[in-house]
Amino acid sequence: MSVSNTASARGTESGRGIAPDTVRYNREVPGLGDPVFDIVDLSIHYGTNKAVRDVNMKVGPRQITAMIGPSGCGKSTVLRTLNRMNDLIPGARVEGRVTYHGEDLYAPDVDPIEVRRRIGMVFQKPNPFPKSIYDNIAYGPRINGMRGNMDDLVEETLTKAALWDEVKDKLKESAFALSGGQQQRLCIARTIAVNPEVILMDEPCSALDPIATLKIEDLMYELAAEYTIVIVTHNMQQAARVSDRTAFFTASVDDDNERYGSLVEFDETAKIFSKPADQRTEDYISGRFG
Amino acid sequence: MSTEAPEAPAPEEPRRGSLHSGKGRMADPIFKWAVAACGTIVLVILALMVIRTTSEAWPVFVKEGFFGFLFGQEWTTGNSRTEITGTYGAWPFIYGTLVTSTIAIVIALPLAIMVAFYITHLAPRRLAKPLSYTVELLAAVPSVIFGLWGLHWFLPNVLRPFFEVLESVLGWFFLFEGPIRGVGYLSAGIVLAIMILPIMTAIIREVIAVHPIDQRMAAYALGSTRWEVMRKVVLPASFSGIVAAAMLGLGRALGETIAVLMLIGGSQSWGASLFGTGSSMASHIAATFGEAGPEARTGLMAIGVALFLVTMIVNILARVIVWRLGRMTGDAAV
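Chains as they are written, first to last, in UniProt numbering: chain C, 1 to 290; chain U, 1 to 334.
For the record, the hints were derived by calculation from the structure and aren't laboratory data.
A couple of the hints might just be wrong.
Unchecked claim - Straight-line alpha carbon distances no greater than 25 Å define the calculated SDA-like cross-link-like pairs of lysine to any residue that follow: (1) K232(U) x G47(C); (2) K129(U) x R147(C); (3) K125(C) x I203(U); (4) K271(C) x T120(U); (5) K129(U) x G47(C); (6) K131(C) x I203(U); (7) K232(U) x K50(C); (8) K50(C) x N149(C); (9) K131(C) x K129(U).
Stated by the list, open to error - Example chain U residues on the side facing chain C (calculated, C-beta under 7 Å, incomplete): (10) H152; (11) H211; (12) G223.
Said to hold, decoys possible - If you want the footprint, here are the derived chain C segments under chain U, 3+ residues with CB under 8 Å: (13) 45–58; (14) 273–283.
All values reported here derive from a predicted model rather than from experimental measurement.
Where a beta carbon is used, it is the ideal one built from N, C-alpha and C, also for glycine.
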């Protein structure tokens, strides 16, 4: 993939940018098609603070969209608006439009519970329930009133999450007995157990070692054939390695000395990492800033 | 940074003095023994109480037999100074204690969980603080006040109309058979529930407040409603703390004297209907101790021993439950 080559060339030049192992997955960038999410003029308020301003981007189906940028740039906040997790934060308010398959996610008659069932989320720190591995997977299907064979579902789900072989003999053991990387894959499995269309990932590898990280990335790549994935990451190499499209956010300070985050550039990952349109993106990915 | 080690500074002159000053040598052992003594005092007091009451009550146990005393239905005191002439069956009082405490815990536990959950997770922040203070303030109200209020206001204005509805709907069921006298097991149990609510709420609130937010977020992200998050995620993880709260509440309900005395009706019989009157162990002791002669006093001592036993058995049972279920659910606190 020409992109990655360019990126790695840049990495060797700057000595800090993109590592040479960027060439990991080779595939054509899928088109935006009928976008899953269409974010139009999105601003997010926390109390009186307008924390994120005027974001416009689209998320295409069955591909990986990465959101990168320095701390405080609002990427996680934007991610949480996509499945209405922001509703749970007191004082959070959304302005603008987020549509999911053309339907306004914030329309008054939209049920956030249903939204979250279809748009799952994986968190920064692996957060399995203090239950058995089996019950962790079964939790979501059970609350959603699933009928059918739970054993089959658990096996199928764990297989999809590339965890089955490691845990098939200890399904009744506590999820806390697993390693951090396994726990995170369990959390991914728990998310896909309710058969969502989209998986949002909020820095899913930041608490993991490099080997566990690569396993998760492999898994994401495989899941992207079936699911739409949006990942927030601090790790630029990760974004370059796994994502098809990348949104670069930045943190700024306005005239009233208030910090806010905004989207700088959204494009195919290849383009963002080889010839970004904005100087700020270039500075960030080449390690001159952030 | 240079790799050469910097010139080592000249070693400071070590502080010279006696190694035998004695301060540290004495302070630690003294502290240790003082603390140990305080710990021992608790055990000694407990042992003295058990020994003293048991030995005073001994003649009653000898005459009635241990189980004859616990399950005997009749309580008639004699007036002898030297021997046991009456009949001492404590079952009506044991029954009264168990029934009122059970009513109290059955009502108070779900309420306490709901209130605690509301305060920690749902109430707007401006309301949560005052609300939890108010609940704790309720714990500071003396029990005689609860008794007075229960008897003179709550019973005629709330409980009696409620009992009448209950009786007309469920009167065919033996627990709710009339006649309604007002005072009785159910009145005492309900007021007890109000009395133990604050302490239970306070403990359950503490327990579920430390429940990790990332687990709740995981549950919400899977499409859980608030009810499901509470029922399936927060409560199981807080199980041992909730049982501990129930234990404390139950302990208070079992031993509560004055409010029960005012509301239970004070008869020495027992019956299955919750509308019936009776006595609890503690209320019977309090009601009759003043006028009791030496023989009757021996009987009351025996009730005291039984109360102590019941309390202990309940506590042990609760611990066993926590331990067994905790092992099953993998509760980290066990």
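Straight-line alpha-carbon gap K271(C) to T120(U), limit 25 Å: violated (48 Å)
Tell me if the straight-line CA distance from K232(U) to G47(C) falls inside 25 Å. violated (31 Å)
With 7 Å as the cut and Cβ atoms as the points, is H211(U) at the interface with chain C? violated (10 Å)
Would you check whether H152(U) satisfies its interface hint, that is, whether its CB is within less than 7 Å of any CB in chain C? Interface hint status for H152(U): violated (43 Å vs cutoff 7 Å).
Does K129(U) pair with R147(C) here, judged by a C-alpha cut-off of 25 Å? The given pair, whose Cα atoms are some 43 Å apart, is violated under the 25 Å limit.
Keeping to a limit of 25 Å between CA atoms, is the pair of K131(C) and I203(U) held or broken? Satisfied, since the Cα-Cα distance of roughly 23 Å is no more than 25 Å.
Within the segment 45–58 of chain C, is the number of residues with a Cβ closer than 8 Å to a Cβ of chain U three or more? Three-residue rule not met by the segment 45–58 of chain C, so violated; n is 0.
For the pair supplied as a hint, K125(C) and I203(U), confirm whether the alpha-carbon distance does not exceed 25 Å. The given pair, whose Cα atoms are some 28 Å apart, is violated under the 25 Å limit.
Just to be careful, I want the Cα atoms of K232(U) and K50(C) compared with a cutoff of 25 Å; is the pair within it? violated (35 Å)
Would the hint on G223(U) be counted as holding, given a Cβ-Cβ threshold of 7 Å to chain C? Hint holds; G223(U) Cβ to chain C Cβ min 3 Å, cut 7 Å.
Stated coverage of the segment 273–283 of chain C by chain U [criterion: 3+ residues, CB within 8 Å]: Answer violated; 0 residues pass the 8 Å Cβ test.
Straight-line alpha-carbon gap K129(U) to G47(C), limit 25 Å: Holds: K129(U) and G47(C) sit about 20 Å apart, inside 25 Å.
Against the hints set out earlier in the document, violations occur for numbers 1, 2, 3, 4, 7, 8, 9, 10, 11, 13 and 14.
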